[in-house]
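Protein chains: 2
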Amino acid sequence: MGQAAQTPSGTRDLLADEVRRRRAAFNTLSQIFENFGFDPLETPAFENLDVITGKYGEEASKLIFKILKRGVHEASGQADLALRYDHTVPLARVIGTHGAKLPTPYKRYAIGPVWRADRPQEGRFREFVQCDIDTVGSHSPLADAEIVLALAKGLDGLGVHEFTFMVNSRKALYALLDVYGIDPAGGPGVLGTLDKLDKIGAEAVAKELTVDRGLTPEVAEALVGDVAADTPDRVRERLDATEEGKAGLAEVDRLIELTTSAGLASEHIVYAPRMVRGLDYYTGVIYEVEAAGYPGSIAAGGRYDQLVASLGGPDRPACGGSIGVERILAIQGSQLTEQRGLDVALTVLGGEEDLMRLAAELRDEGLRVGTYLGSSTKLAKQLKWANEQNARITVLYGPDEQAAGEVTLRDMQSGDQTRVPLPRAAAHLRNTLEGP
Amino acid sequence: MGQAAQTPSGTRDLLADEVRRRRAAFNTLSQIFENFGFDPLETPAFENLDVITGKYGEEASKLIFKILKRGVHEASGQADLALRYDHTVPLARVIGTHGAKLPTPYKRYAIGPVWRADRPQEGRFREFVQCDIDTVGSHSPLADAEIVLALAKGLDGLGVHEFTFMVNSRKALYALLDVYGIDPAGGPGVLGTLDKLDKIGAEAVAKELTVDRGLTPEVAEALVGDVAADTPDRVRERLDATEEGKAGLAEVDRLIELTTSAGLASEHIVYAPRMVRGLDYYTGVIYEVEAAGYPGSIAAGGRYDQLVASLGGPDRPACGGSIGVERILAIQGSQLTEQRGLDVALTVLGGEEDLMRLAAELRDEGLRVGTYLGSSTKLAKQLKWANEQNARITVLYGPDEQAAGEVTLRDMQSGDQTRVPLPRAAAHLRNTLEGP
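Chains as they are written, first to last, in this note's numbering: chain D, 1 to 436; chain A, 1 to 436.
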C-alpha cells in the first residue's frame, strides 16, 4: 500500500462529532425559518453551465468548478455543467422554472453546500455550507423585518447572543452623495471606498476619495466626517433636507421600528451610516451583523429588487439575508470537545443470543447501544474498547453470569458494579441512565 | 425573457413538501443507526480523480461526472476531480486517510447524494441519495447481524413493514458449485447467470449455463433445480455433505439465529439458495430484501472482507448494507399529498407593530406563522392568500379591531370567527391549535 489517499485540496471529511454538531446547528436554523413561514428548497448540486456563466464577474468565475461533458463528448475537453457557486443564482432559476407552482410571495430558505475553487487556507474551504433566506415577490417592509428577525433568532439559536444589526439604506446613501453633488454614476466607486473605513481609517478613505474618485478634499472630508461620526445625528440632519434622503431614513427607521416591536432589543439593531456593504446589487435597506468574539460580519442582507431579473429570473422584488454558519461553527468548534459515546456497551463472552435480545430492548428504548465486535475473548481488552467508546455503562455477561441468569452492569465513570437478573436488565439500565 | 431555464437533465428541484418528507425519512434512519452505535460520516462531494478511477469497471466509469481543472489548466480539457459515485469508495479512502483516528471497528452510516450520468428515465435521477451502513474491522457474525437488524428497523421506520431478508452465503454458493465439480474460476459467470432466475426463468437459465458457461445439460438442470426449489431442503442436503458447504450453511443459520434472537420475526428472514447477488465482491453472507408493493429489492448487503483493500484502503474485513431510500420514497410519494401549511396567517390592514409583536409571541410558542406581504389592502385578497398557505387560523386586525384593541380569529376550515382581546390572542391561539 502506498501513501494513503487524501481528500481533494480545500475539502474535508466530517467525522462523527463534527457531523452531529453541524446537523444540530442546521436543524435549529431550519426550525426557526420554518416558524417564520419559510419553505425549504433544495436544488441540484450542479446547474447547466449557461445558468451559472456570466453571473459572478470575471474574478469569481475563475473559481467555478465546471463538469466535463460525458461519453463521446468527453474528449472535447468542454464543460456543460457547473457546481453551484451560491444559492442565489439557483433561486433565480427556480423562480423561472417553477413559476406559478410556487407560493406568492415565495419565502424560501436554503442550507447546503456550495463549491468555490478559492485558494485553500486556514478555515476556508472549497466545499462549505451557505445558509440563506429570501423572500421573492414582496415590496413590503414587513418582508425585510421578517428576514432580520429570522436571522436574529437564528444567531441566538446558534448561541450567538450579543450581536448588532448595523442598518443602512442604499437610498439614504445615494441621497447623501446627492447632497454633496456627487454624480450617481460614480456612486458605486465612492461607496466602495467608504466601505474601507473600518479597514484603512478615515484619513486614508478621504485621500482615496480625492485621488481615485475625483472628489474635492473638502467634500471628501465632510462626507467621511458624516458617515464616520460617533452618532448618526449629522447624517440625519443632512438627509432630512431632501425628499430622497427622508425616504432613505424612513426605510431604516421603519425596519428598526418593526423589528423592535417584535421584541428585538433596541441595542441589537442600530442605524449605521458608515455601513455601505460592498455588493452593488442592493436597492433598499442593507445590514451587516457584528458580534462580540466574531471578527468581521457574521450575517448580512438587505433588499435587492432587481437581482432576480438580472440573474436570468423574472422581474420580482426581493429581499434576503444569510448567516455565516461555517465561520460561526469554526469559531465555536475550537471551544468544544463534546463527543457522543455509547449509552450501553455490551461485552461478548458467549451468550450472544441473550445479548442481541438485550441490545434490541435497549435500542427500542431509544438508547445508543454497541456490541463488542472484535476477536478478543479477554474482558480487559473488551473493557478498553468500551472505554474508547465513551460508554456510560458496560454490560458483562461471562460464564458466571450466564449460569446465574444475571448480568453485571459496570458504571464506567465510578467503576461501580451491580448485578441484576437478565430479564430486569433493560428496565434497570433505562432507570439508571435516565438519572434520578 | 426567453424560455425559463431548467434543471440539468436527470436532476430535480426539491420543493418544500418533498424536502420535508425526505428530511423526515433521513432523520428517522439516522436516529436508528445512531442507536445501533453507527457514527455519521460526510465526505466531500468530489474526490481526487485517481481515487475514483478504475474502481467501478468499464461501463460504470462512463457514468462518472468529472470536474475540469481550473485556471490556466482549464484549457487542457483535463479533469482532476470526480463527483462521488457511491459511498463505498469514499469510505475505503477515509479508512486510509484517518487510520487510527477512527474507532475500531469503524461503524459508520452515510446518507447523502451521489451522482451518476445514467440515461435519465422515469424515477431514475443523476443525483440521488444513497443510504449505507458499514462496519469495517470486524470478522464477528454479530457485526453482520447488527447490519441486518439496523436495516430492518430502518425499513420499519420508513413505513415498510412487510419485508423479507433473503439470505445466502457466498461460501455456500461456491461449495454448491464444488459439489457439481464446477471450476471456481468460472464461478462468477455461473452465479451471474443464476442471478437471472427471477427475470428469465429456470429453463432459460439452464440453457445459458450450458451454452455460455460450459456446464453439461445434466449439471445445469440439477443446479437450477436445487436453487430454484420451493424449499432449501435439497440444497441443505447437498451442502451438508462437504465441510465448505457446512461452513456456508452455518453462516446463514447463525445470521438468522442472531437476528431472530433480537426480535426480528422469523418470517422476515429466510435462507434463499436462489439469491446470489450480482456483485462479485461479497465473501460471506449476502442478503436482499423483498417487500410487498415494492418491485425488486429495497435493501441489500452482506460481507465483503476484501473490498476495502481492493478499493485502495487498508486490508480490513467489512460488512454492510444499504436501503434504497429513493425507490421507497418514490413509491410512497405517489400515495401522499401531505402539505405543511401555516398554523397562523396574519392579514395586514394597518397596526403592523402590533402584528409583529403577536407574530413573535406565536413563533416563540413554536408555531409556524406567516404575515401577508403583498400589496393589496383588500381583506378578500388577503384571505385568498391565507387559504393558499393552508393556514389553520387567520388573524384579522382591521380598523374596527384596532380601535377596540381586539383581533378576530378565523378558523379557515369552518369559517367560524371569534373576537378576543389582542393581549390574550397568543394564548388563545395556542390553546385552540393544540386542540382540546
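Calculated from the structure, these hints are not laboratory results.
Careful, some of the hints might be misleading.
Among chain A residues calculated to face chain D with C-beta under 10 Å, some are [what the hints assert, rightly or not]:
{"hint": "1", "residue": "A92"}
{"hint": "2", "residue": "K107"}
{"hint": "3", "residue": "E127"}
Below, simulated DSS-like cross-link-like pairs (lysine-lysine); rule was C-alpha separation at most 30 Å, straight line [said to hold, decoys possible]:
{"hint": "4", "chain 1": "A", "residue 1": "K62", "chain 2": "A", "residue 2": "K246"}
{"hint": "5", "chain 1": "D", "residue 1": "K62", "chain 2": "A", "residue 2": "K69"}
{"hint": "6", "chain 1": "D", "residue 1": "K101", "chain 2": "A", "residue 2": "K384"}
{"hint": "7", "chain 1": "A", "residue 1": "K199", "chain 2": "D", "residue 2": "K62"}
{"hint": "8", "chain 1": "D", "residue 1": "K101", "chain 2": "A", "residue 2": "K381"}
{"hint": "9", "chain 1": "A", "residue 1": "K62", "chain 2": "A", "residue 2": "K101"}
{"hint": "10", "chain 1": "D", "residue 1": "K378", "chain 2": "A", "residue 2": "K246"}
{"hint": "11", "chain 1": "D", "residue 1": "K55", "chain 2": "D", "residue 2": "K69"}
{"hint": "12", "chain 1": "A", "residue 1": "K378", "chain 2": "D", "residue 2": "K246"}
{"hint": "13", "chain 1": "D", "residue 1": "K69", "chain 2": "A", "residue 2": "K69"}
{"hint": "14", "chain 1": "A", "residue 1": "K207", "chain 2": "A", "residue 2": "K246"}
{"hint": "15", "chain 1": "D", "residue 1": "K196", "chain 2": "D", "residue 2": "K246"}
{"hint": "16", "chain 1": "D", "residue 1": "K55", "chain 2": "A", "residue 2": "K69"}
{"hint": "17", "chain 1": "A", "residue 1": "K55", "chain 2": "D", "residue 2": "K69"}
{"hint": "18", "chain 1": "D", "residue 1": "K246", "chain 2": "D", "residue 2": "K62"}
{"hint": "19", "chain 1": "D", "residue 1": "K69", "chain 2": "A", "residue 2": "K62"}
{"hint": "20", "chain 1": "D", "residue 1": "K199", "chain 2": "D", "residue 2": "K55"}
{"hint": "21", "chain 1": "A", "residue 1": "K196", "chain 2": "A", "residue 2": "K62"}
{"hint": "22", "chain 1": "D", "residue 1": "K378", "chain 2": "A", "residue 2": "K101"}
{"hint": "23", "chain 1": "A", "residue 1": "K101", "chain 2": "D", "residue 2": "K384"}
{"hint": "24", "chain 1": "A", "residue 1": "K196", "chain 2": "A", "residue 2": "K55"}
{"hint": "25", "chain 1": "A", "residue 1": "K199", "chain 2": "A", "residue 2": "K55"}
{"hint": "26", "chain 1": "D", "residue 1": "K207", "chain 2": "D", "residue 2": "K196"}
{"hint": "27", "chain 1": "A", "residue 1": "K246", "chain 2": "A", "residue 2": "K196"}
{"hint": "28", "chain 1": "A", "residue 1": "K378", "chain 2": "D", "residue 2": "K101"}
{"hint": "29", "chain 1": "D", "residue 1": "K381", "chain 2": "A", "residue 2": "K378"}
Owing to the predicted nature of the structure, the values given are computational and were not obtained by experimental measurement.
No residue lacks a Cβ here, since even glycine has one placed at the ideal position from N, Cα and C.
Structure-based check of all given hints:
1. Look at A92 of chain A: its Cβ gets to within about 9 Å of chain D, closer than 10 Å, so that hint holds up.
2. With its C-beta approaching chain D no nearer than about 8 Å, K107 of chain A sits inside the 10 Å limit, and its interface hint holds.
3. Checking E127 of chain A against chain D: minimum C-beta separation of about 5 Å stays under 10 Å; hint holds.
4. Between K62 of chain A and K246 of chain A the alpha-carbon distance is near 41 Å, which puts this suggested pair outside the 30 Å criterion.
5. Between K62 of chain D and K69 of chain A, the direct Cα distance comes to roughly 11 Å. Compliance with the 30 Å bound is thereby established for this hinted pair.
6. Only pairs whose Cα atoms come within 30 Å are accepted, and K101 of chain D paired with K384 of chain A is accepted, the gap being roughly 16 Å.
7. Our distance criterion of 30 Å between C-alpha atoms is broken by K199 of chain A and K62 of chain D, whose separation comes to about 50 Å.
8. The suggested pairing of K101 of chain D with K381 of chain A holds, with an alpha-carbon distance near 18 Å, which does not exceed 30 Å.
9. Restraint check for K62 of chain A and K101 of chain A: not satisfied, since their Cα atoms lie roughly 34 Å apart, outside the 30 Å limit.
10. As the CA atoms of K378 of chain D and K246 of chain A are separated by approximately 29 Å, the hinted pair is consistent with the 30 Å bound.
11. Between K55 of chain D and K69 of chain D the alpha-carbon distance is near 21 Å, which keeps this suggested pair within the 30 Å criterion.
12. Distance hint between K378 of chain A and K246 of chain D is fulfilled; the C-alpha atoms sit about 28 Å from each other, no more than 30 Å.
13. Restraint check for K69 of chain D and K69 of chain A: the C-alpha separation of about 13 Å stays at or below 30 Å, so the hint holds.
14. This hinted pair checks out: K207 of chain A and K246 of chain A have alpha carbons roughly 29 Å apart, not beyond 30 Å.
15. Using a Cα cut-off of 30 Å, the hinted pair K196 of chain D and K246 of chain D holds, with the two alpha carbons roughly 26 Å apart.
16. Between K55 of chain D and K69 of chain A the CA atoms are separated by roughly 20 Å; this keeps the pair inside 30 Å, and the hint holds.
17. Proposed proximity of K55 of chain A and K69 of chain D is supported: the alpha carbons are some 20 Å apart, at most 30 Å.
18. Proposed proximity of K246 of chain D and K62 of chain D is contradicted: the alpha carbons are some 41 Å apart, above 30 Å.
19. Of the pairs offered as hints, the one joining K69 of chain D and K62 of chain A holds, with about 11 Å between alpha carbons and a cut-off of 30 Å not exceeded.
20. Taking the CA atoms of K199 of chain D and K55 of chain D, the gap is near 28 Å; set against the 30 Å cutoff, the hint holds.
21. A hinted pair counts as satisfied when its Cα atoms are at most 30 Å apart, and K196 of chain A with K62 of chain A qualifies at roughly 24 Å.
22. Taken as a hint, the K378 of chain D and K101 of chain A pair is honoured in the structure, with Cα atoms around 23 Å apart against an allowance of 30 Å.
23. Among the hinted pairs, K101 of chain A with K384 of chain D is consistent with the structure: their alpha-carbon atoms are about 16 Å apart, no more than 30 Å.
24. Restraint check for K196 of chain A and K55 of chain A: the C-alpha separation of about 24 Å stays at or below 30 Å, so the hint holds.
25. Annotation: proposed proximity of K199 of chain A to K55 of chain A holds, straight-line Cα distance about 27 Å (limit 30 Å).
26. For the hint pairing K207 of chain D with K196 of chain D, the CA-to-CA distance comes to about 12 Å; that is within 30 Å, so the pair holds.
27. With a CA separation close to 26 Å, the supplied pair K246 of chain A and K196 of chain A stays within the 30 Å bound.
28. Using a Cα cut-off of 30 Å, the hinted pair K378 of chain A and K101 of chain D holds, with the two alpha carbons roughly 23 Å apart.
29. For the suggested pair K381 of chain D and K378 of chain A, the alpha carbons sit about 75 Å apart, so the restraint of at most 30 Å is broken.
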